[in-house]
Amino acid sequence: MTEQRHQVTVAVNGVARRAEVPARRLLADFLRADLGLTGTHLGCEHGVCGACTVLLDGAPVRSCLMFAVSADGHDVTTVEGCREPAGDLGPVQQAFLECHGLQCGFCTPGFITTITAYLEENPKPTEEEAREAIGGNLCRCTGYQNIVAAVLRAAELKREREAPHE
Amino acid sequence: MSEKHVGRPLLRKEDPRLLRGDGRYLDDLGRHALAAAFVRSPVAHARITDIDVGDALDVEGLVAIYTHEDLPGRIAEPLPLLIPHPDLTHARTPYCLADGEVNHVGEAVVMVVATDRYLAEDAAERIQVTYQELPPVVGIDQARAAERLVHDEIPGNVAARSVQENGKGDAHEAIAAAPHRLTLDLAIERSASMPMEGKGVLAHWDADDRTLRVHTSTQTSTSVRLAVAAKLGLPPDRVEVIAPDVGGGFGVKIVHPWPEEILVPWAAMTLGRDVKWVEDRREHFISSAHERGQQQRIEVGFDGSGRLHGLSVEIWHDNGAYVPYGIIVPIVTSTQLLGPYKVGAYRVEFTSLYTNTVIVTPYRGAGRPQGVFAMERTMDAIAEHLGLDRLAVREANLIRPEEMPYDQGLVFQDGRPLIYDSGDYPTMMRMIRDLVGWDGFEAERAAAAAEGRRIGIGVAAYVEGTGMGPYEGAHVKVETTGEIVVSTGITTQGQGHYTTLAQIAADALGVGVGDVTVVTGDTRRFKYAVGTFASRAIVTSGNAVAVAAGKVAEKAKRIAAAALGGGVRAEELELADGVVRHRDDPARSIELRTVAVLSNPLRYAFDEAAKAATQFAAAVTAGDEPGLEATGYYMPERSTFAAGAHGVVVETDPETADIKILRYCVVHDCGVVVNPRIVEGQVHGGVAQGIGGALYERIVYDDAGQLVNASYMDFLIPFATEVPHIQTAHMVTASGVNPLGLKGAGEAGVIPTSAAVASAIEDAERDRAVVVRRMPISPSELYELRKGRVHV
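In order, the protein sequence lines correspond to chains A and B. Going by my numbering, the first sequence opens with residue 1, and the numbers climb by one from there. Going by my numbering, the second sequence opens with residue 1, and the numbers climb by one from there.
One chain only, chain A, in its complex shape (with noise of 0.2 Å):
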């Protein structure tokens, strides 16, 4: 009894890796096992907690419900690809070191990633907006206040970073 083996080539953060994995290797376990990118966690394997989540062409997905092989061909940002190029924090990364808005830090690669995507979508988020942009993640350290601020922060170094240097 031998699976058969795909071949799967995805851009993650940026860089073209490839693999020969099975049809039920779900992409979680492809960025954890088979490329060692280890920062995207397994909280509950059903789609609930979000701690998975990583960027698909750009949109938060749960890497624990998708196969690998789904991901052939497209770009996948992971939470070590939200770091700035020089390999710095990244302005959601900076703000949660900021607003103390990780205790263990299981959860949190799942809340940068799709932090970081939200941001793009809406750059000046409201307070309540903030929330409820990070209502599809599960914590189970910070009762979310610190992680609500560390959305408003977030925004708010993406816009310093991002304004045009004099």
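Quick caveat, the hints were computed from the structure, so don't treat them as lab data. Predicted, not measured: the structure shown is a model, and the values here were computed from it. Ideal Cβ placement from N, Cα and C applies to all residues, glycine included. Warning: the hint list may mix true and false statements.
[Claimed, not checked] Among the chain A residues that face chain B by a calculated CB cut under 7 Å, a handful are:
1) G39
2) Q93
3) G105
[As the list claims (entries may be wrong)] Lysine-lysine pairs mimicking DSSO-like chemistry, simulated, CA-CA at most 30 Å apart:
4) K557/B / K124/A
5) K787/B / K4/B
6) K168/B / K342/B
7) K4/B / K477/B
8) K124/A / K787/B
9) K660/B / K477/B
Following the hints, position chain B against chain A.
Here is chain B on its own, set in the frame of chain A:
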């Protein structure tokens, strides 16, 4: 002197790593390890009559299949009873793999090892276990009725029965003699810690070195080490246990050794290959521990001002199928129930009962939410009975600051007397009154009513024993680079110890927090520790770090005095800004890192720093040990008692009975605060779990003992949209039992939430005479209560 770091809201040192995606959680390790999966019982109570592995044998990548029959020596025996107690007369603990009988859905029966987890699960699915089902005992009512037994040889399903009295007279007589009396029957349902990362174990056996290295997502690596060594028959010095980054614990990961913590290392030794097991979410629901789950009967006698004369409480506690963690939860409930109050004569009796369900062990709060619910529901019932203000009744019973330290006359969970060391409860109650807007609330209620809305307000207070012993320790070392390395045996699951312990060390050594690196939960670095639970880590380990760093500072002064010469004495020196300097003449100074060099007299100059310390150059103090380092321990005489009060305003929908929290306020006293940003975060997280326990979270078993909501779709952890903004106010009554004045903060937020929310809902519904006697409460249950139906 440099500016102190303790007390400042510094950003966390651990965060950049975690935010970049560079954390190292259990499943991020051991990429090439074999994977384990388990066949778990699908039934609640049964005898195993056959295990047929035939169909699994041709699964590609299968390495091994183990049942109880395959387990050698002590691994085949039951797991240890971690916390024995004289009242725990009928203790049963589980086996690593079931030995012919299963007692709850999820109990491990067969272990499968394969080249990856997909294949291990393929094989597990093909293993046929035949069960001869027995009638299950589910829920406290069935356990009490004892028409069926969980364990044939344990009469009445009773694991333990325990009585405590506070030495202030006979409670029943005091109640009988009091001007007023009430009886309340209460219940709290099951919930669970539910950290976002489940458990997991990775084991590596080095056959050449005969050393076992175990990584496990635990709250106590030192104790896992001793337990694994004992079970596997290895000398403890041949076992290393490391807690890597841990994705939340909240109590469930203090239990140890879990079956997998024995089986995975044993398989790694047996197979000579690295083996890893990572718990999935369903496994976590059906095989890791739950908590809460009590029934209570309260009898109280009081006078016309609401002052208690006597209190008698009977508790029926569901401990699940086994009691590996003893009876800590009901002990905590029965002692911490008293809160900030003087209750007159007190008698408490608890019965800890077996059921065919997952084991019950501490979850954040650890029995306190149940106790506070009992006490605060009682306070509200007294106010209602007498027509008095609910806060006035509470205030009439408060322990006064001038009565501190206050002996409650009971034995606490650490076996020491329940003596509150410090606290100012009247101030605390005044603060929550102001913060939640108690005095102006009737106007607010009237304004809401004019809009057809109904709102209610509630307050609940608690006292929490924190920082219990027996001890914690730390090792502090100044490297020749100037880096300070602090190693402590406590583990960390997000509480910010890499930052808070660095703050304490930095102050003792006159360096910046950036110069300090903290190592936790790694037995290779520090072997003696108890663990992180019971809001104890910062109290015990923080004081130990201060002791060790203080010793290092003294040693640095001795060596620096000798090096500086000119008659300088160690007592005249201080540590600041990374140097050891003369107090009155700061120009006479020597860098701390140079002192570290001098502290280790060398024969061989292997680099520039070492050259300064060779035998012809070094200023060495005779009699000292080499190295600018020291080990220190803190052993508390007894627990230190934190306190707080929560106030909440809720709105209940007149039609749908939907319950919405409009305002949530917290007054919190955890003694001297090391890092206010981190403490605030701990409070927020606790409150969110408290709100989950008040309105959403419940573990539901059906009559057959099936856990019917074993997923995040059905077990309702609050999302951001369910947790309100939390307003906090802090007060500081320094601990009377430890040098730094610290009290624990980890569990506080969760403790009084159900009690406060119940009070507020009842207040909002007072026109309809709704009486809330059990939590959590859903809109449909409130709807039924409005119709006068009993809440079951």
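query = Are the Cα positions of K4/B and K477/B separated by 30 Å at most?
reply = Measuring from Cα to Cα gives roughly 20 Å; hence the hint holds.
key: Status of the hint placing G39/A at chain B (closest C-beta pair under 7 Å)   = With Cβ-Cβ at 2 Å, under 7 Å, it holds.
query = Once the shortest beta carbon distance from Q93/A to chain B is found, is it less than 7 Å?
reply = holds (4 Å)
query = Taking only the CA atoms, is the gap from K168/B to K342/B under or equal to 30 Å?
reply = Judged against 30 Å, a Cα distance of about 11 Å means the pair holds.
query = Can the restraint linking K557/B and K124/A be considered satisfied, given a maximum Cα separation of 30 Å?
reply = Given pair K557/B, K124/A is violated - Cα atoms ~55 Å apart, limit 30 Å.
key: Pair hint outcome, K660/B versus K477/B [Cα-Cα no greater than 30 Å]   = violated (52 Å)
query = Does G105/A pass the interface check with chain B, least Cβ-Cβ distance below 7 Å?
reply = With a closest approach of 4 Å, the G105/A hint holds.
message = Need the status of pair K124/A, K787/B: alpha-carbon distance at most 30 Å?
response = violated (46 Å)
message = So if I understand the rule, the pair passes when the alpha-carbon distance is 30 Å or less; does K787/B with K4/B pass?
response = violated (59 Å)
Checked against the numbered hints given earlier, the structure breaks hints 4, 5, 8, 9 and satisfies all the rest.
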